[in-house]
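Protein chains: 2
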Amino acid sequence: MYRSHTCGELRPSHIGQTVTLSGWLQKSRDLGGMTFIDLRDRYGITQLAFNMEENAAICQEARKLGREFVLKIEGEVIERSSKNKNIPTGEIEIKVAKITVLNGSKTPPFTIEDETDGGEEIRAQYRYLDLRRTTIREKLLLRNKVALETRKYLDSQEFIDVETPVLIKSTPEGARDFVVPSRMNEGQFYALPQSPQTFKQLLMVSGFDRYYQIVKCFRDEDLRADRQPEFTQIDCEMAFVEQEDILNTFEGMIQHLFREVRGVELDAKFPRMTYAEAMEKYGSDKPDIRFALEFVNMNDVTKGKNFGIFDDAELVLAINAHDCAGYTRKQLDKLTDWVRRPQIGAKGLIYLKCNEDGTFKSSVDKFYSQEDLAEWAKTANAKAGDLLLLLSGDTDKVRKQMNELRLHMGDELGLRNPNVFKPLWVIDFPLLEWDEDSNRYHAMHHPFTSPKPEDMDLIDTDPGKVRANAYDLAMNGVELGGGSIRIHDRDVQSRMFDLLGFSKEEAEAQFGFLLSAFEYGAPPHGGLAFGLDRLVATMGGSDSIRDYIAFPKNNSGRDVMIDAPSPLNDEQMDELGLRLR
Amino acid sequence: MYRSHTCGELRPSHIGQTVTLSGWLQKSRDLGGMTFIDLRDRYGITQLAFNMEENAAICQEARKLGREFVLKIEGEVIERSSKNKNIPTGEIEIKVAKITVLNGSKTPPFTIEDETDGGEEIRAQYRYLDLRRTTIREKLLLRNKVALETRKYLDSQEFIDVETPVLIKSTPEGARDFVVPSRMNEGQFYALPQSPQTFKQLLMVSGFDRYYQIVKCFRDEDLRADRQPEFTQIDCEMAFVEQEDILNTFEGMIQHLFREVRGVELDAKFPRMTYAEAMEKYGSDKPDIRFALEFVNMNDVTKGKNFGIFDDAELVLAINAHDCAGYTRKQLDKLTDWVRRPQIGAKGLIYLKCNEDGTFKSSVDKFYSQEDLAEWAKTANAKAGDLLLLLSGDTDKVRKQMNELRLHMGDELGLRNPNVFKPLWVIDFPLLEWDEDSNRYHAMHHPFTSPKPEDMDLIDTDPGKVRANAYDLAMNGVELGGGSIRIHDRDVQSRMFDLLGFSKEEAEAQFGFLLSAFEYGAPPHGGLAFGLDRLVATMGGSDSIRDYIAFPKNNSGRDVMIDAPSPLNDEQMDELGLRLR
Numbered sequence: 009m010y011r012s013h014t015c016g017e018l019r020p021s022h023i024g025q026t027v028t029l030s031g032w033l034q035k036s037r038d039l040g041g042m043t044f045i046d047l048r049d050r051y052g053i054t055q056l057a058f059n060m061e062e063n064a065a066i067c068q069e070a071r072k073l074g075r076e077f078v079l080k081i082e083g084e085v086i087e088r089s090s091k092n093k094n095i096p097t098g099e100i101e102i103k104v105a106k107i108t109v110l111n112g113s114k115t116p117p118f119t120i121e122d123e124t125d126g127g128e129e130i131r132a133q134y135r136y137l138d139l140r141r142t143t144i145r146e147k148l149l150l151r152n153k154v155a156l157e158t159r160k161y162l163d164s165q166e167f168i169d170v171e172t173p174v175l176i177k178s179t180p181e182g183a184r185d186f187v188v189p190s191r192m193n194e195g196q197f198y199a200l201p202q203s204p205q206t207f208k209q210l211l212m213v214s215g216f217d218r219y220y221q222i223v224k225c226f227r228d229e230d231l232r233a234d235r236q237p238e239f240t241q242i243d244c245e246m247a248f249v250e251q252e253d254i255l256n257t258f259e260g261m262i263q264h265l266f267r268e269v270r271g272v273e274l275d276a277k278f279p280r281m282t283y284a285e286a287m288e289k290y291g292s293d294k295p296d297i298r299f300a301l302e303f304v305n306m307n308d309v310t311k312g313k314n315f316g317i318f319d320d321a322e323l324v325l326a327i328n329a330h331d332c333a334g335y336t337r338k339q340l341d342k343l344t345d346w347v348r349r350p351q352i353g354a355k356g357l358i359y360l361k362c363n364e365d366g367t368f369k370s371s372v373d374k375f376y377s378q379e380d381l382a383e384w385a386k387t388a389n390a391k392a393g394d395l396l397l398l399l400s401g402d403t404d405k406v407r408k409q410m411n412e413l414r415l416h417m418g419d420e421l422g423l424r425n426p427n428v429f430k431p432l433w434v435i436d437f438p439l440l441e442w443d444e445d446s447n448r449y450h451a452m453h454h455p456f457t458s459p460k461p462e463d464m465d466l467i468d469t470d471p472g473k474v475r476a477n478a479y480d481l482a483m484n485g486v487e488l489g490g491g492s493i494r495i496h497d498r499d500v501q502s503r504m505f506d507l508l509g510f511s512k513e514e515a516e517a518q519f520g521f522l523l524s525a526f527e528y529g530a531p532p533h534g535g536l537a538f539g540l541d542r543l544v545a546t547m548g549g550s551d552s553i554r555d556y557i558a559f560p561k562n563n564s565g566r567d568v569m570i571d572a573p574s575p576l577n578d579e580q581m582d583e584l585g586l587r588l589r
Numbered sequence: 009m010y011r012s013h014t015c016g017e018l019r020p021s022h023i024g025q026t027v028t029l030s031g032w033l034q035k036s037r038d039l040g041g042m043t044f045i046d047l048r049d050r051y052g053i054t055q056l057a058f059n060m061e062e063n064a065a066i067c068q069e070a071r072k073l074g075r076e077f078v079l080k081i082e083g084e085v086i087e088r089s090s091k092n093k094n095i096p097t098g099e100i101e102i103k104v105a106k107i108t109v110l111n112g113s114k115t116p117p118f119t120i121e122d123e124t125d126g127g128e129e130i131r132a133q134y135r136y137l138d139l140r141r142t143t144i145r146e147k148l149l150l151r152n153k154v155a156l157e158t159r160k161y162l163d164s165q166e167f168i169d170v171e172t173p174v175l176i177k178s179t180p181e182g183a184r185d186f187v188v189p190s191r192m193n194e195g196q197f198y199a200l201p202q203s204p205q206t207f208k209q210l211l212m213v214s215g216f217d218r219y220y221q222i223v224k225c226f227r228d229e230d231l232r233a234d235r236q237p238e239f240t241q242i243d244c245e246m247a248f249v250e251q252e253d254i255l256n257t258f259e260g261m262i263q264h265l266f267r268e269v270r271g272v273e274l275d276a277k278f279p280r281m282t283y284a285e286a287m288e289k290y291g292s293d294k295p296d297i298r299f300a301l302e303f304v305n306m307n308d309v310t311k312g313k314n315f316g317i318f319d320d321a322e323l324v325l326a327i328n329a330h331d332c333a334g335y336t337r338k339q340l341d342k343l344t345d346w347v348r349r350p351q352i353g354a355k356g357l358i359y360l361k362c363n364e365d366g367t368f369k370s371s372v373d374k375f376y377s378q379e380d381l382a383e384w385a386k387t388a389n390a391k392a393g394d395l396l397l398l399l400s401g402d403t404d405k406v407r408k409q410m411n412e413l414r415l416h417m418g419d420e421l422g423l424r425n426p427n428v429f430k431p432l433w434v435i436d437f438p439l440l441e442w443d444e445d446s447n448r449y450h451a452m453h454h455p456f457t458s459p460k461p462e463d464m465d466l467i468d469t470d471p472g473k474v475r476a477n478a479y480d481l482a483m484n485g486v487e488l489g490g491g492s493i494r495i496h497d498r499d500v501q502s503r504m505f506d507l508l509g510f511s512k513e514e515a516e517a518q519f520g521f522l523l524s525a526f527e528y529g530a531p532p533h534g535g536l537a538f539g540l541d542r543l544v545a546t547m548g549g550s551d552s553i554r555d556y557i558a559f560p561k562n563n564s565g566r567d568v569m570i571d572a573p574s575p576l577n578d579e580q581m582d583e584l585g586l587r588l589r
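Line by line, the protein sequences are chains A and B.
The opening position of the first sequence corresponds to residue 9 in our numbering, with each subsequent residue numbered one higher.
The opening position of the second sequence corresponds to residue 9 in our numbering, with each subsequent residue numbered one higher.
All copies of an identical chain are treated as equivalent in the list; a pair is satisfied when it fits inside any one copy or across any two copies.
Only pairs whose alpha carbons sit at most 25 Å apart, straight line, appear in this in silico BS3-like list of lysine-lysine:
| no. | residue 1 | residue 2 |
| --- | --- | --- |
| 1 | K114 | K512 |
| 2 | K80 | K460 |
| 3 | K473 | K408 |
| 4 | K160 | K224 |
| 5 | K35 | K114 |
Simulated from the structure, these hints should not be mistaken for laboratory data.
None of the values given here were measured: they were computed from a predicted structure.
Same shape as in the complex, but just chain A:
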């Protein structure tokens, strides 16, 4: 037997009992007459005490043990003379009678503490040691809990967990697939799913009614920071539903998760905003509504005063930073540099200080009178003490830039508390977006999203204006998930493939099974998918998903711990009938 109790379990009520514990040596302190060891396992830390006078032999033994040694000890639970109120086991310690070294340890390359001295690379290489740190383990425990509570909730709503295949068919549409050569079908390849989209729709055709799966998906994209080639989705689909049913069901799920896992009661009813409004007010389809700083259209009050930059701009936007009129020249220069960085790409930043004395100070004073500037302030609802920040340019660009600046100011002003959670449904996404490169429309969500019936007549005349029954759930500036009501009619689906530039043959070759399924009684259906990695990171109050994944890959898609990917040997290549270029 390795242990009678865990290292997080013993309390004053156990005093006098003889116990066996196993765990890792977290640290030891040699105080001359006494030696103390903190023994750690997943459940906590227990202090071991060795008294030189009472038992010199074992005390000597204890002094030889190094950090991260794996120990099994037997001893008596005794009351601690100097209690530690910070840990649950802090009122007791173990008077150790016997030590067994289960395994030794070299000195770890970094300290196994919440605040470690290890850099990112060394921690990635020794991920199994990095995972020993309590702060990382707790993130993965949170993930475990979120996943299980998701299942419990969806089960209570009659959703069925159905596993869809991982070895599927490659479809050139959309992001790039990872592919898997088939040895038994030489020259042919499987693809790894970017999502189980078509399979879950087929399950609706099959009458499964409500489906879910927490499932790995794969996308061979050039990795931006915080993207992983494999990621996990909470994937769901429902039949005989309208958009309203879906929003309500998953609002319930997110409320359940925050309640059970974080003890947080979210809005009883999540606010909703159209895509158009979100873009206009926040320049983002996933606005962070923990704070205002909403965009104000300044076109009417800025144009026509011979300030060329504004006159030439399609759109002049402002945000009103309350109580920031005191910003120094240095602070404003820093902000200007910030928006000029290539990641943001603005040419400059115009400000307007609404001084406490009622006067205005702007960076473009020579073009605008105090009266003009008063109009600015009025338009942006700015009061004395406020600071307006203005950007201008083409609509899409300036919205993107202003979105970045708004989030940056939110951070600067401490308005983005990671323990405040503000969900928002963004609805009525456009069905299509124009792609300049390929000179044609792409599906904004995916080719299976249904147009809004009331916009159907625009589909020939002005396809870009057609709105979809598509929705995203945003929270704190992050997209947690999204979905749509799907097409369930063969003709509409064919029409959509057409619109997206598929030839009849291509549509048939790639999605013939789905088109065929639609001919045998497909019910109305819709669904959505949440990104589990992102959801858990958001619930944990973190921007980065990496530490919520046990074994993440780096930005080149490598697992540096196991050193993958790696070359195959000749025999393997031969069996697959493959050659390298």
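Given the coordinates of chain A, work out where chain B should sit on it, guided by the hints.
Showing chain B alone in chain A's frame:
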């Protein structure tokens, strides 16, 4: 709104209510004055009634609807005049006031009934229709329930669900990997995991203490019947445990599953049998112990009577088929033909009938006296009326053949009731098995399995005799899962790689990360994995896993519905830097 109730929900208490239902037209009956339609959804079937006299228009409309049309109907719940006691909704029907056809349907290529007229191929091609059949849906509902109850149990035992990566590193040892070319690392490949073995061991090194995952695994093997290239494991690992802890924990899990999912109370304590005993008594490491028919060693009573076949055989085995002395010549010939089939490969079958009058009749009467045969009967504990069946040959071969014959007789005699469940732990597996082809030892379980400490001294002198701390859970002749206590010592692990023919460099290149992890305080640990597909099929009382998988592949590894795998286009091949041979 598509429905106020499901098709399985309405009862006499709803009579008088106006309801909306949606579902598929299962069948319709036109009785002249009345037309009835069975409307089906996942939850059940509800009868719709149309009365020609009361509402001719809607009745005419109803008569035009075909099988598998998707309908939404509104109407009043009324009492049924001729009640159907066989279905929960059999006491009511709906007097329909309005029909909306949500989607039409072509006539399906086979009937959507429990007993369908569709052959295997056509059902595979139209899997989305096959899945509509209640009998298939119930199998997948069973799977869903087993998976969820597995999670609930393991969660209650403090196991943490941790996702391990799907894109890992190829290791030539063991079965063949599926591989994934890396575009970002040209010329290099990921592999899909055959199991998360090394990752779960690393999680133990990381102090996760108890890990589980229900996870897809992949093996590129030539598919035998009922093997799938992708399959699902319940994968588990525990630290600071001995074999006994693991067996008890998972005995509890299997008991929980049968109790919650099937309402079956299994043995309070699962019987255990060593691998050696299982091979001796049943010729199988997964004996079906629902019935006896145990092997009897007949060497002592059959040899030395000038019957060359037995004299030359290494082993003569008998099984005693109770009350089968009445088998006719034809029946015995058929059995003989059965064991001679190439799949079994026996040269012949010897029988001994223990007649009711106390005489004996055997196929080798001319070599054995009645006294000799009485000795046979006595050795095999055969009574008047029993039938002994004997096979002989080399030990391994004859055991295999007799195992097949025993199972066959179990089937013939109705001793293999699919609703009786007999678990058995098979323990003390050999560590290694000799492979004639490569002329070296292979790991019987995998290279991470620990030898029994008491057999360690045999490792140099007689490695084949070393037993491992390895165990399988068998049930009804099926292996549900297996595992082992792992090596957690770097030196022992290096030694094992050595024994298995790895060079130091190969071991380092493939498993360096694990060997390195063992130097930083690896705890004692062990675990096991259950095959979910197999477990669910066994719980469902079925031999075949295929219908417990939503979208299975055929024996060539193809998904005939979506037509995968398939060729890549040139652009994709170029991006991956690959050429076909």
